[in-house]
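Each protein sequence line maps, in turn, to chains A and B.
Read in full-length UniProt numbering, the first sequence has 678 at position 678, and its numbers run on one by one without any break.
Read in full-length UniProt numbering, the second sequence has 285 at position 285, and its numbers run on one by one without any break.
Please note that the accuracy of each hint is not assured.
Cross-link-like lysine-lysine pairs, in silico, BS3-like; alpha carbons within 30 Å at most [what the hints assert, rightly or not]:
| no. | chain 1 | residue 1 | chain 2 | residue 2 |
| --- | --- | --- | --- | --- |
| 1 | A | Lys1002 | B | Lys24 |
| 2 | B | Lys151 | A | Lys19 |
| 3 | A | Lys1002 | B | Lys190 |
| 4 | A | Lys129 | A | Lys320 |
Examples of chain A residues toward chain B, derived with CB under 7 Å [claimed, not checked]:
| no. | residue |
| --- | --- |
| 5 | Arg783 |
| 6 | Thr934 |
| 7 | Gly942 |
| 8 | Leu943 |
| 9 | Gly1004 |
| 10 | Pro1012 |
| 11 | Gly1019 |
| 12 | Glu1021 |
| 13 | Ser1023 |
| 14 | Asp1025 |
Rather than coming from a laboratory, the hints here were simulated on the basis of the structure.
In this text the structure is predicted, and so the values were computed from the model without any measurement.
Don't be surprised by glycine CBs; every beta carbon is placed ideally from N, CA and C.
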Amino acid sequence: MAPSKTDQQWSVDFENARKHHLFSNPPKDRTAYPELLELVEPHIASFNAIFKDGGQLEEAIKDIGEKSFSDRHGNRLSLRIEKIFYDKSMLPPTNKVVLKPENRKVLPAEARERHSTYRGKMSARLNFKVNNGDWQSLDRDLGYVPIMLRSSRCHLESSTPAQLVNYKEESEEFGGYFIVNGIEKIIRMLQVQRRNYPMSIRRMAFKNRGPGYSEFAVLVRSVRPDQSSQTNALHYLNDGNVNFRFSWRKAEYLVPTMMILNALVETNDREVFQAIVGTAQSEGLGQRQFVIDRVELLLRAYKVYGLHSRAMTRAYLGSKFRSVLQLDELTSDEDAGTYFLRKIVLPHLGADNDKYRMLLFMIRKLYSLVEGESCEDNPDTLQHQEALLGGQLYGMIIKEKLEEWLNSLRYPLNEWGRKQDWKPFTSQQFQTDFVPKILARAQGEDLGKAMSYFLSTGNLVSPTGLDLQQTAGFCVVAEKLNFFRFISHFRMIHRGAFFAQLKTTTVRKLTGHSWGYLCPSHTPDGAPCGLLSHLAHKCKIATQSVDVSAVPKLVAGLGVSDQVSALLENSMVVQLDGRVLGYCSKKQSKVISDTLRYWKVEGGHGVPVEMEIGYVPHSNGGQYPGVYLFSQPSRFFRPVKYLPLDQLDYVGPFEQPYMSIAVTDPEIVSGDSTHVEYDARAMLSVVANQTPFSDQNQSPRNMYQCQMGKQTMGTPGTNLNYRTDNKSYRIQTGQSPIVRSSSYGSYGLDNFPQGANAVVAVISYTGYDMDDAMIINKSALERSFGYGSIYKTKVCDLEEGKAGRGKKNIQKLFGFSPIGTVTAAMREKLDEDGLPRVGTMLQNGDYIAAWHTVSYDNATGEFDNKDGNTQFFKYKDDELAFVEEVRVIGSETGTDPLQKISIKLRIPRTPVIGDKFSSRHGQKGVLSQKWPATDLPFSESGLQPDVIINPHAFPSRMTIGMFVESMAGKSGALSGQAVDGSPWQFDEKNTAIDHFGEQLRKQGYNYHGNEPMYSGITGQELSADIYIGVVYYQRLRHMVNDKYQVRTTGPINSLTGQPIKGRKKGGGIRVGEMERDALLAHGTAYLLQDRLFNCSDYTKTTLCRGCGSFLSTTPTISEFTRKKRGALTVRCRRCAKLADNAAPKSEVWSDGQGIRYHGGDNIAVVAVPGVLKYLDVELASMNVRLRYNVDR
Amino acid sequence: MDPYDVEGSGIHVRFLEANPTRAKFIIQNFNLESANSLRRYMLAEIPTVAIDIVEVLDNTSVLADEFVCHRLGLIPLNSRGVDELIYSRDCDCENYCDMCSVTLELNAKCEGDEIMKVYARDLVLASNPPNDQIGQPVITDEDRQGSCIVKLRRGQAIHMRCIAKKGIAKEHAKWAPSAAIGFEYDPANKLHHLDLWYEGDDPKQEWPVDEERVNLDGGHPAEDEPFDYDAVPQRFFMDVETVGGLDPDQIVNRGIKGLQQKLAEVIHELDGGDNANGDFGGAQSPTLNGGGFGGNDAGYTTPGYGGGGSVWGPGGTAGGTTPYGATPYGGSAW
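Bound conformation, chain B alone (with noise of 0.2 Å):
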C-alpha cells in the first residue's frame, strides 16, 4: 500500500489552493480515462451564457458591426444559476425570450471631447432572468469597469441590443468557463509514460523537476526501485482556473455531475428503460449539419448565402443531371 496514500483507496480530492478564481487539487485513486473525461468536460460541456444574437441598432464606431458583436461574445457573463435556463433550441418560443436568454442592452454616445471607452460594465440587463446574478458581465479589475468593448470618438455612438444564451464550449469558445485546465500525472515520471529528451549528458539539467508535486506523488522512485509494468496513474493533478462566468468549485462539481448524467444516459438506453429516446436535457454536442439528428437533413447548405442553391444558382434538381436531358444513361436509342 502506498505509505502517502492516507485515506485509503476510495477516491479522494485534496485541495491544495481555492480561491475564487482558481481551484488546485489532487485527485487520488482515480483512473485516467475518468480524469481525462472530467477533464474535457469541463473544457467543453459545462453549459454558460454568453451574448449570441446582437441587434445592431446603431453603430458609427470604427470597429465593424460584426466585429463588435463577436468582441461582445467573448466578454464572460455571469453563469450562476444557468441551470434555470433552458437551451434556446429546446425552447418553445419563436426566438428568444425570458425562460432561454438574458437580453443585455448596449448604449453610448460620446459627447466629450475626450475619447470615450466603453467597458463591460455599460452592458445594462434588459429582460428579466431567472435570477438576479445570471448575464451580468464578469467585473474584476479594481476599477469594476470590466473588458473595454470599443472607444468612441465625439459624435460616435453605439447601440446594441445583446441577447445572451445559454450554450456549451463544443459550440463556441465563448460558452467555455474555463480557458485551460491543468492536467499533471506521474511527475517524478515512474510510469515512464514518457520518454524525455535530452542533448547533454544529464537529463536533470535540461528538465525542471517540480519536487513539490513529484513529493505529493509519492517522490522520486528509489535507486533500485524495479520498474513496475502494470502500474497505472493513479493521482492527477488537476488546476481549474474560471473566466469568471463560474466558480472554479462549480465548475468541477458541474463537471462531475455531468459525466454522472451521461453515463446514467448510457446506463438507461442499456437498461433499455421506459423513456429510452427521451432527452436528458443535459449538454449536446453542436449540430454541425443544421438540424437534429436523424431529421430530414437537406446537407449542408453554407450560413448565410441565402440557403440553398450553390453559388451557381438557386439549388432544386436534385443529383447530379446534365442539361442534355434526364440522364445520359440508358433510355435512348443508341
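The shape of chain A in the complex, shown without the other chains (with noise of 0.2 Å):
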C-alpha cells in the first residue's frame, strides 16, 4: 500500500505527536497546512501572472508596439519588442568557480544570509527595422531583476516541505515576498477604484477643472489587459454639455464627447440622439425633457468643430495629440488619432463600437445623476473598490521602464544624427553604429537596478504615474518580528498614502460593504486607522480572468436588446466587464441575473463560479441599476453556500449589498436568503480569529489585540540559522496555548508559539498592580516564564559604499596584521583569523573583527601589509550580548578575498521589571514587582499565581473574553484537552459561563472559577475568594532595557550649551513648557532652576558693569611675562580707552593683538543660561544690542 498522503485536516486539540512527527519528518508530498498557502495566494499568483504565456508582460508588449523614429530624409526606423526573457536566480557568468549546474543555482537562504538580493536575469529581444526592411532581431540584457520567493521563477516553487527544510527554508515557506539587500520585501495590495465600472462622482472639487463646470461626473477606470488602467471621465458641465476628460504623463485634458464618439463609429445625430435618449417609439419619451433638452445641446455644441466624417474628426484628434503621445512625424494624423482611441478611450474595449456603446451609456448614466434619477455612488465603500496586486504593479512598472527604454532611443539617435552629419537611417554607417554607440546609450535599460530600487524604497519612479495616487509606499517590509505580523504583511491592504492625509474621516468608516472581505478588527488604532485593513481570512482575490466567452450569448438568448428605452426602468443595462450586452426590462433583468446565478453555481453552462454578477435592481434615486458581471483580476471573493443547490457560490462585494445571505443556519428566511455563510468567523482575519472569546470583548479590546498580538515576542520562524535579520525577538519558552480557536491548528501556530499559559489571579494584593501593572511571581521568572532573547546582525564591511570591485582594488583584509604584533588584549575576544569566536561573550567596547590595510602586489599576486597596524571594528551598544554565528561573504565570483562578515549576536532578556506584556484581550501591563512566592496568595491545594493583575482592569474595558478564556483555560489544564475558543460559540440560551461552569464544577472547583485564596504573608484566608485560571499571556517587545534614558551629565550641544537630546547618544530628557508651568505652579523653584539652568546651560561669563554687555569683554594678555596662576584678569574692550603715555604704567593692559588700553575694569562675573549669550550674538549680528544692567 501507497503511504496515505499528509493530512491535511485540523482539530482545536493539541495534536502533538503529530505536530511532532511533522517536525522531525517534513512531508515529502504535501503540506500539511494548505490553508497557510492559500492567504498569500493573491501575491504569488499575481507575480505568475506576469510572466505567464499570454500573460500581463505579453499584453504589455502588445500595447506597447511599435515605435518609430525618423531621421530628416523620411526614414523610419521601427523598434518592438518581441519577448521578454526571465532566468531563474543563478550566478553570474563571471564566477568561473563553480562548475556545475545544479550547484549554479542561487538560492534564496543564499539572498538572506549574503544580504544580497534574490534575483534572475531579464534580457529582451528586440526587433528593428528601417523603413519597410525585414526584422532584425537581437537579444538586449536587461540586468537582474528581483523574483518573488515561490513563484514561477523561484527555485522553490514547488517544493516540498522536505525540500524546503533542505533549502534551509521554513518547511511551511510560503514565499510571496521579495529578497532585497538581504530584506524581506513585500508590495502592499492597495485598494483601488473597481475596474470597467463607470462610477457616478459628485464633488465640488470638479467645478474648478474650468468655467461652466459642475459638480457631476461620471468616471471609469477603464483596466487594460496588461493591468495598467486609465481613468475617463464624463463631466457634466452646467448647460448640459459633457466634457470627456483624461490623463496623459501627468497632464489633464479635456475633450468634447460628442468628438470622442464621432472619432469611434461613423454615426449621426440622431443615432446619438435616440442612443442616450432612447428610441423613438418608446414609452415615456415625455417625460424625459430634460434629457432631451440637453442632448440637443450637446449635439448642438458640437456643430461648432465643423467635423463631419469619422475619417475627419480622428485625423483633428490626431493634430491635437500627436506631440503628447509622442508620435514621429511620419504617421499621419488620421492614425494618431486611431492611436489617441486605442490608447486612451476605454481602452478596456478593444472594439470601437464597444467604446461608443459604453461612451453613450456614460452618457447615460451621467444624466440620471444630474436629474436625480439615480444616487452617486460612494468610492469608499469595498462595493466599488478592488485590490491592485503587488504582482500586477510590479508587471506595471516593468512594462513602463519597456516603453520608456524604447522611447529614449529618440536622444541617442539624434545625438548619432548630429554627429554624423544626418547621416540617413539607411545608411552602412547607422548599420554599424545601431547597436553600441546608439541602443547602448538608451536610458533605463538595466530593467533590475530599477525594479530592485523600487522594491528597497517603495518609490515608484514614473513619467505617467501609472494612474495611482501615490508615488511612495508601496512596499514595506516583510518584518518576521512573530508569525502575526509576518503574516498580517501579506493580508494588508492600503487605501493609499493620499487619502491618509484627508481630513475627513469618511474613507476611514467601516461600512457593510466590507462584510466578509475586510476584518473589522484587524485595522491600527491611530493614523492609519481603517485605511490599513486586513483581508478576512477567507476572503480571497482573482488574480486571472476566468473564461466568460459564453455568456454574452446566454444573455442575448436571455433577452436584451441593442435599443434603450426613455424610462430607465425599461432598459436597465447589462454589462460583462464594462461592455454593454444589451438593455432589458426591469423584470428581465431580475431573470437574468437569477438564471446566470443558478448557472454559475451548477457549472456545466459556461457560467464559470467566480464570476460575479452584481444585479442592481431599479429603485427610486438609488444605485444607478443594471446587471454588472464581473469576470477579470483583482476581484474580491469569498465562498458561501448557495442555497437552491446547496453549493459552493462565490460572491462579491459588488453584489453582495442586494443579495439576502443569511449568517447561520437559523436566519435563513424563506423565500428570501439565497446563501448562508459556511461560518461567520470568516469575516474576521487570521490574526483576530486568534483571539479567543472575541465576541464577549468589547470591540475596541480586539482591535487592541490584533495591534499587540503583532509586536509580541513569539518564534520568528524554525529557520533562524538561516536567518539574519536586523533585529529579531524570541521567546525560548513558548507554549501552545490551552484555548485557541479553530483555525489555529490549520494555519499551523503552534509551529510559531508566541507566549506562555500563564495561571493568573485578578486580585488587588499589594498596590503594586495599580493602573495596569502586574505583578509576576519571582519563581515562575526564575523557572523561565516569559524568557527571550534578541538577535541583532551586524554587519563588517571593508569595502563600504565602494564600487569599485576586482581584485586589485582591495585595499583592507579581515585578521591581523602579519607583520604587526597581536597582544593578548586583541586576541581576547577574536580567533586567529581576526574574527569574533562563536559564544564569545561582548560588551561595549570589544572587538568583534580585526582588519588590516593591505596592497595588491602585482609581481607576487599577494596582498602586503605595509604598515603592520591592526584596526578592528567595535561592538558599539550597551548591552551585554553573546556572538551566536559568524558568516563569512565571499564575492559573488568566488575569487576575491573576503571582504564582508556578517555578525549575528545573541542578547539574553529576562523579563526586568518594567517589561511589557499583555492576555490577548487588548490587556497590556508592565511588570511592576517580581514578587517571591512564599509572599504570594495560594489556593488550598498551594497554587500560586503566576500573574497578578488588578480586577479595576475590567469594569471599563469590558473584556468578557479575557474571564472566559481564564475559566477555559483552568479547565482546559485540569482536564488536560485544548478548548476551542473560537468566538460565536455562545449565546444568551447557552452561555460560556455554563458551558465552562458545569466543567469546573465536576472537577470540584467553583462554578464561577473563583477559589478561596490564603494570604502569603500572614497565612489567613483572604476574607474574598478570588478569581483565578489559567491566561495566555504574550511579553511584548517593547522593554525598558531599549527605552530607559538616563543622565547625570553628557554631551551637550555645542552651540547653546545645553545638553542634546536622544537616547541613543545620551542625552537628557526635556523640561519643556508644560513641566516648567507644574514646577512653578508648584511653587519649587529651586527645582526650577536646578533643572532649567543648572542642569542645563549653566555658564559663568564676564560683563562690563559699565556698558552692560557680555561682548565687549575680554581678558588680558601680558606682553612680557606668562599668564601668571591665579584668576583671569578681564576688561572691557569698550569702556577701555586706548592707552597713551599719559596712561599710569600699572593700569595700562593690551589685548591679544598688541593694542594697549587702559580703564574698562568695572567687570562683574555672572553666571547666565549659555543661550543668552548665544541670543546676544545673534542680536548683534542684526544690529541689536543687549545692556544688562548689573546691581551689584
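Two chains, two frames, some hints: make the complex.
And the structure:
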C-alpha cells in the first residue's frame, strides 16, 4: 500500500505527536497546512500572471507595440520588443569557480544570508527595421530583476516541505515576498477603484476644472489586458454639455465627448440622440424632457467644430494629440487619432463600437445622476473597489520601464544624427553604429536596478504615474517579528497614501459592504486607522480572468436588446466587464441575474463560479440599476453556500449589498435568503481569529489585541540559523495556548508559539498592580516564564560604499596584520583569523573583527601589509551580547578575498521590571514587581499565581472574553485538553459561563472559577474568594532595556551649551514648557532653577558693568610675562581707552593683538544661561545691542 | 472541649497520607502564625543543592549556552545530607571546592543518525561529595532517564562542568525543595474568614465542599450553632510534595527545625548571649545588593555589565557633579 498522503485536516486538539512528527519528518508529498499557503496566493499568482504565456507582460509588449523614429530624410526606424526572457536565480557568468549547473542555483536562503538580492536575469529580444525592410532581432540584457519567492521563477516554486527544509527554508515557507539586499520586502496590496465600472461621482472639486463645470461626473477606471489602467471621466457642464477628461503622463486633457463619439464610429445625430434618450417609439419619452434638452444642446454645441466624418474627426484629434502621444512625424493625423482612441479612450475595450456604446451608457448615467434619477456611487465602499495586487503593480512598472527604454532612443538617435551629419537610417554607418553607439546609450536599460530600487524604497519613479494616486510607500519590509506580524503583511491592504492626508473620516469608515472581505477589527488605531485593513481570512482575490466567452451569448439568449428605452426601468443595462451587452426591462434583468447565478453555481453552462453577478435592482433614486458582470482579476470574492443547490458559490462585494445572505442557518428566511455563510468567523482576519472569545469583548479591545499580537515576542521562524534579520525577537519558552480558535491548527500556529499559559489571579493584592501594572511570581520568572532573546546582525564590510570591484582594488583584509604584533588584549574575543569566536560574550567596546590595510603586489599576486597596524570593528551597544553566528560572505565571483562578514549576536532578555506583557484581549500591563512566591496568595492546594492583575482592569474595558478564557483555560489545564475558544459558540441561552462552569464543577472547583485563597504573608484566608484561572500571556517587544534614559552629565549642544536630546547619544529628557509650568505652579523654584539652569546651560561669564555687555569683555594678555597663575584678568574693550603715555603704567593692559588700553575694569562675573550669550551674539549680528544692568 | 480532638490540647500531627513524594497531614492545636511560618519556611528557606555555575566547554547544540545552563539549574538534585555541605560564601576556598559544592559533568556527543537526547541521568558526578547521595540528579521516571536536557543531532556535542551549590529558594526557585505546599484551615468556613461569593440563590450549588476535610475538621456547623467571635484556626491541613531532592518528611522536619533555630536566634539575641553577633549558620536571605549586611556597600551595580560605572562611562566621581566646576552653588563670585 502506498503511504497515505499527509493529512491536511486539523482539529482544535493539541495533536502534539502529529506536530512533532511533522517537525522531525517534513512531509515529502505535500504541506500539512494548505490554508496557510492560500493566504498568500494572491501575491504569488499575481506575480506568476506577469510572466505566464499570454500573461501581463505579453499583453504589455503588445500594447507598447512598435516605436518608430524618423531621420531627416523620411526614413523610419521601427522598434518593437518581441519577447522577454526571465531566468531563475543563478550565479553570474563571472563566477568561474562553480562548475556543476545544479550548484549554480542561487537559493533564497543564500540571498538572505549574504545580504544580497534574490534575482534573475531578464533580457529582451528586440526587433528593429528601417522602413519596410525585414525585422532584425537582437537580444539585450536588462539586468537582474528581483524574483518573488515561490513564484514560477523561483527555485522553491513547487517544493515540498522536505525540500524546503533542505533549502534552508521554513518547512511551510509560503513565499510571496522578495529579498532585496537581504531584507524581505513585500508589495502591499492597494485598494483602488473597481475597474471597468462607470461610477457616478459628485465632488465639488470638479467645479475647478473651468468655467461652467459642475460637480457631476461619471468616472471609469479602464484597465487594459496588461493590467495598466487609464481613468476616463465624463464631466457634466452646467449648460448640459459633457466633456471627456483623461490624464496622460501626469497632465490633464479635456475633449468634447461628441468628438470622441464621432471619431469612434461613423454615426449621426439621430443615432446618438436615440441612444441617449431612447428610441422614438419607446414609452415615457414625454417624461424625458430634461435629457432631451441636454442632448439637443450636446449635439448643437458640437457643430462649431465642423467635423463631419469619422476620418475627419480622427485626423483632428490626431493633430491635437500627436505630440502628447510622442508619435513621429511620419505618422498621419488619422493614424494618430486612431492611436489616441486605442490608447486612451476606454482601453479595456478593443472594438470601437463597444467603446461607443459604453460612452453612450456613461452619458446616460451622467444625465441620470444630474437629474436625480439615480444617486452617486460611494467610492469609499468596498463595493466600488478592487485590489491592486503586488504582481500587477510589478508588471506595470516593468511595462513602463520597457516603454521608456524604447522611447529614450530618441536622444541617442538625435545625437548620432548630429555627429554623423544627419546620415539617413539606410546608411551603412547606421547599421554599424546602431547597437554599440545608439542602443547602448539608451536610458533605463538596467531594468533590474530600477526594480530593485522600487522594492527597496517603495518609491515609484514614473513619468505616467501609472494612474495611481501615490508615488511612495508601495513596498514594506515583511518583518518576521513573530508569525502574526509576518502573515499580516500578506493580508494587509492599504487604501492609499493619498487618503491618509484627508481631513475627513469618510474614507476610514467601516461600511457594511466590506463584510466578509475586510476584517472589522484588524486595523491599527491612530493615523492609519481604517486605511490599512486586513483581509478576512476566507477572502480570496482573483488573480486571473475567468473564461466568460459563453456569457454574451447566454445573455442574448435570455433576452436583451440593443435599443434603449426612454425610461430607466425599461432599459436596465447588462454589462460584462465594462462592455454593454444590451438593455432589458426591470423584470427581465432579475431573471437574467437569477438564471446566471443558478447556472454559475450549477456549473457546465460556461458561467464560471468565480464570476460576479452584480444585480443592482431598479429603485427610486438609488444606485444606477443594471446587471454588471465581472470576470477579471483583482476582485475580492469569498465562499458562501448557495441555498437552492446547497453548493459552493462565490460572492463579491459588488453584488453582496443586494443579496440576502444569512449568517447562520437559523437566520435563513424562506423565500428571501439565497445564501448562507459557511462560518461566521470567515469575516475575521487570521490574527483577529486567534483572539479567544472575541465575541465577548468590547470591540476596541479586539483591535488592540490585533495590534499587540503583532508586537509580541514570539518565534519568528524555525530556520533562525539561516536568517540574518537586523533585529529579531524570540521567546525561548513558548507554549501552545490551551484555549485556541478553530483555525489555530490549520494555520500551523503551533510552529510559531508566542506566549505562555499563565495562572492568573485577578486580585488587588499589594498595590503594585495598580494602573495596569502586573505582578509576576518571582519563582515563575526564575523558571523562565517569558524568557526571550534578541538577535541582532552586525555587518562588517571592508569595502563599504565602494563600487570599485576586482582583486586589484582591494585595500583592506580581515585578520591581524601579519607583520604587526598581536597582543593578548586583541585576541581576547577574536580568533586567530581576526574574526570573533562563536559563543563569546561581548560588552561595549569589545573587538568584533580585526582588519588591516593591504596593497596588491602585481609581481607576486599577493596582498602585502605595509604598516603593521591592525584595526578593529567594535561592538558599540551598551548591552551584553553573545556571538551566535559568524558568517563569512564571499564575492559572487568566488575568487576575491574576504571583504564582508556578518555577525549575529544574541542578547539575553530575562523579563525585568518595566517590561510589557499582555493577554490576548488588549489587556496590556507592565511588570511592576517580581514578587517572592512565599508572599503571594495561594489556593488550598498551594497553587500560586504566576501573574496577578488588578480587578480594575476590567469594568471599563469590558473584556469578558478574558474572563471566559481564564475559566476555559483552567478547565482545559485540569483535563489536559485544548479548548475551542472560537467566537460565536455561545449565546444568551447557552452561555460560556454555564459551559465552563459546569466543567469546573465536575472537576471539583467553584462554578464561576473563584477559589478561596490565603494571604501568603499572614496565612489568613482572604475574606473574598479570588477569580483565578489560566490565561495565555504574551510578552511584548517593548522592553525597558531598549527605552530607559538616564543622564547625569553628558554631551551638550556646542552652540547653546544645553544637553542634547536622544537616548542613543546619552542625551537628556527635555523639561518643556508644560513641565516648567507645573514646577512654577508648585512653587518649586529651586528645582526649577536646577532643571532649567544648573543642569542645563549654566555658564559663568564676564559682564562689563559700565556698558552692560557680555560681548565687549576680553581677557587681557600680558605682553611680557607668561600668564600668571590665579584669576584671569578681564577688561571691557568698549569702556577702555587706548593707552597713551599719560596712562599710568600699572593700569595699562593689552589684548592679544598688542593693542594697549587702559580702563574698562568695571567687570562683574555673572552666571547666565549659555543661550543668553548666544542670543546676544545673534542679535548683535542684526545690529541690536543688549544692555544688562548689574546692581551689585 | 472539641469532641474530635482525641489527642488533647497539645500540638499534634496526624498523617493522612505519606509516600516518597508527598506528605499530607493535619496539625492540630496549632496557631495560624506558626503554621504559615512553617509553610513559608518550607517553601523558601530549606537549603537544597542545585547547579549554580556552569563551565561551558563545548556546546554545539541548537540551544544557547545560557539556556542550557538555566535548564541544568532547574534539574532537581538529591539533597539528602545537604547539611554536610557548607554555603559557598562561607567557605574559605577561592571559587568552589568539595566542601561547598558538588561537581557534575555532562559530556555528550551525537555520532549516530538518530537524534540523541541528553537526559539528567547523563550528569556524572566528578567530585568527592561529603556523602554518596548528594548531588545525584533525581530520577523518578520508569525508564530511569530523568528530565531531558537537550537533543543533539549528528555531530553536535555538549560538554559542561556543572557546579552544584547549596542554596535556598529565596534566592532562586531552583533551590526549592517543594514547588507548592497545600495549606488549608477551616474547610467548612466556620470562622467566617471568607465571605463566599455566589451568583445564584444557593452557595452550595456553586461551591464544592470537601466533605472529608470538613469531617476531619469537626463537621459542618450545626444549624443553630452561634457564631463564635473568638474562635481562631487551630487545625491545619498541609500537603507537602517534594520535587525529589528531599523526602517530604524531611522537608517538614527541616522546616520545623529551621523555624526553631530562627526562634532560638531571636531568643539568643534578646538574652544578650555571649556570642551575640555570631552567625548561626542558618539560612540566610540573599543579600540583594551584593555585599553583606552593613558592609561597605557601593550601591547597586548591574551584574554582568562590567561593574561600577553606568552605561555612560566608567564610574568614579561620587555624587552629582556638573561639568562646570566642582559645584555650581556657593563659593563663586556671584
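Structure-based check of all given hints:
no.: 1; hint: Lys1002(A) / Lys24(B); verdict: holds, 23 Å
no.: 2; hint: Lys151(B) / Lys19(A); verdict: holds, 17 Å
no.: 3; hint: Lys1002(A) / Lys190(B); verdict: holds, 25 Å
no.: 4; hint: Lys129(A) / Lys320(A); verdict: holds, 28 Å
no.: 5; hint: Arg783; verdict: holds, 5 Å
no.: 6; hint: Thr934; verdict: holds, 5 Å
no.: 7; hint: Gly942; verdict: holds, 4 Å
no.: 8; hint: Leu943; verdict: holds, 6 Å
no.: 9; hint: Gly1004; verdict: holds, 5 Å
no.: 10; hint: Pro1012; verdict: holds, 5 Å
no.: 11; hint: Gly1019; verdict: holds, 3 Å
no.: 12; hint: Glu1021; verdict: holds, 4 Å
no.: 13; hint: Ser1023; verdict: holds, 6 Å
no.: 14; hint: Asp1025; verdict: holds, 6 Å
In the structure shown, no violation is registered for any of the earlier numbered hints.
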